[in-house]
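Based on the sequences and whatever the hints tell you, model everything.
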Amino acid sequence: DQQVKQNSPSLSVQEGRISILNCDYTNSMFDYFLWYKKYPAEGPTFLISISSIKDKNEDGRFTVFLNKSAKHLSLHIVPSQPGDSAVYFCAASAFSGNQFYFGTGTSLTVIP
Amino acid sequence: EAGVVQSPRYKIIEKKQPVAFWCNPISGHNTLYWYRQNLGQGPELLIRYENEEAVDDSQLPKDRFSAERLKGVDSTLKIQPAELGDSAVYLCASSFRDRNEKLFFGSGTQLSVL
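Respectively, the protein sequence lines represent chains H and G.
First residue of the first sequence: 1, per our numbering; consecutive thereafter.
First residue of the second sequence: 1001, per our numbering; consecutive thereafter.
Treat the hints as calculated values from the structure; they're not laboratory data.
Predicted model only: the values in this text are computed from it and were never measured.
Do not take every clue at face value.
[As the list claims (entries may be wrong)] These stretches of chain G come out as covered by chain H in the derived footprint (C-beta under 8 angstroms, 3 or more residues): (1) 1038–1047; (2) 1101–1108.
[Claimed, not checked] 30 angstroms max Cα-Cα, derived BS3-like pairs, lysine-lysine: (3) H:LYS68 <-> H:LYS5; (4) H:LYS68 <-> G:LYS1102; (5) H:LYS71 <-> H:LYS54; (6) G:LYS1011 <-> G:LYS1078; (7) G:LYS1102 <-> G:LYS1078; (8) H:LYS54 <-> H:LYS5; (9) G:LYS1102 <-> H:LYS71; (10) G:LYS1062 <-> G:LYS1102; (11) H:LYS37 <-> G:LYS1078; (12) G:LYS1071 <-> G:LYS1011; (13) H:LYS37 <-> H:LYS68; (14) H:LYS56 <-> H:LYS68; (15) H:LYS37 <-> G:LYS1016; (16) G:LYS1016 <-> G:LYS1078; (17) H:LYS5 <-> H:LYS56; (18) H:LYS54 <-> H:LYS68; (19) H:LYS71 <-> H:LYS56; (20) G:LYS1071 <-> H:LYS5; (21) G:LYS1015 <-> G:LYS1062; (22) G:LYS1016 <-> H:LYS5; (23) H:LYS37 <-> H:LYS71; (24) G:LYS1078 <-> G:LYS1015; (25) H:LYS54 <-> H:LYS37; (26) G:LYS1102 <-> H:LYS37; (27) G:LYS1102 <-> H:LYS54; (28) H:LYS37 <-> H:LYS5; (29) H:LYS56 <-> G:LYS1062.
The C-beta atom is built at its ideal place from N, Cα and C for all residues, glycine as well.
Structure follows, in structure tokens:
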């Protein structure tokens, strides 16, 4: 049972435009969410996180939005750069549950 | 600061053979995770350690998989015997467990079982 879902396997965006990656979750106990970026043949690297007490967190070109009522979060990258081309995973946890659940990933391609 | 180190990077074995993966976490991180990532999927937890104790191994196939974390630092994951379906990337991650926990991953071991 997939508790974290990324329904778009791939996304292509022109350089300089906004990239929006989406993630849905089913477990209402999740209260902490992370985004990871993965290049081929490398492990995932942490990008940005958000706790359920917030609905937005920003770090440079990256912003994560959380809509708890819809059980939905999104990652916005503005402006998109070719170096952002990678697979992006969202992950969720309930602190009391002690485990991170990952989505299946979205492959982002930024076209120069 | 050194990151999470895993070895080997790649391993090709025949089915029914044993295989072992090694992980050295970031210094000071008390929590260590082993994840398996199948092609086109996200990482799935196999086992989580807090210091030396395996606190969540509910998803570890215990008939063929075993793991240990020596002195609460390095960890080894073993498969014996390997099956074709074990082909995947095995990722180790470590963290300092607090309210804003972030996992730091190694580069993974790409296992191919022929």
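Okay, the hints, checked on the actual structure:
no. : hint                    : verdict
1   : 1038–1047               : holds (count 6)
2   : 1101–1108               : holds (count 8)
3   : H:LYS68 <-> H:LYS5      : holds, 15 angstroms
4   : H:LYS68 <-> G:LYS1102   : holds, 21 angstroms
5   : H:LYS71 <-> H:LYS54     : holds, 13 angstroms
6   : G:LYS1011 <-> G:LYS1078 : holds, 13 angstroms
7   : G:LYS1102 <-> G:LYS1078 : holds, 25 angstroms
8   : H:LYS54 <-> H:LYS5      : holds, 21 angstroms
9   : G:LYS1102 <-> H:LYS71   : holds, 21 angstroms
10  : G:LYS1062 <-> G:LYS1102 : holds, 27 angstroms
11  : H:LYS37 <-> G:LYS1078   : holds, 27 angstroms
12  : G:LYS1071 <-> G:LYS1011 : holds, 26 angstroms
13  : H:LYS37 <-> H:LYS68     : holds, 23 angstroms
14  : H:LYS56 <-> H:LYS68     : holds, 11 angstroms
15  : H:LYS37 <-> G:LYS1016   : violated, 34 angstroms
16  : G:LYS1016 <-> G:LYS1078 : holds, 13 angstroms
17  : H:LYS5 <-> H:LYS56      : holds, 20 angstroms
18  : H:LYS54 <-> H:LYS68     : holds, 10 angstroms
19  : H:LYS71 <-> H:LYS56     : holds, 14 angstroms
20  : G:LYS1071 <-> H:LYS5    : violated, 37 angstroms
21  : G:LYS1015 <-> G:LYS1062 : holds, 17 angstroms
22  : G:LYS1016 <-> H:LYS5    : violated, 34 angstroms
23  : H:LYS37 <-> H:LYS71     : holds, 21 angstroms
24  : G:LYS1078 <-> G:LYS1015 : holds, 14 angstroms
25  : H:LYS54 <-> H:LYS37     : holds, 22 angstroms
26  : G:LYS1102 <-> H:LYS37   : holds, 13 angstroms
27  : G:LYS1102 <-> H:LYS54   : holds, 17 angstroms
28  : H:LYS37 <-> H:LYS5      : holds, 16 angstroms
29  : H:LYS56 <-> G:LYS1062   : violated, 41 angstroms
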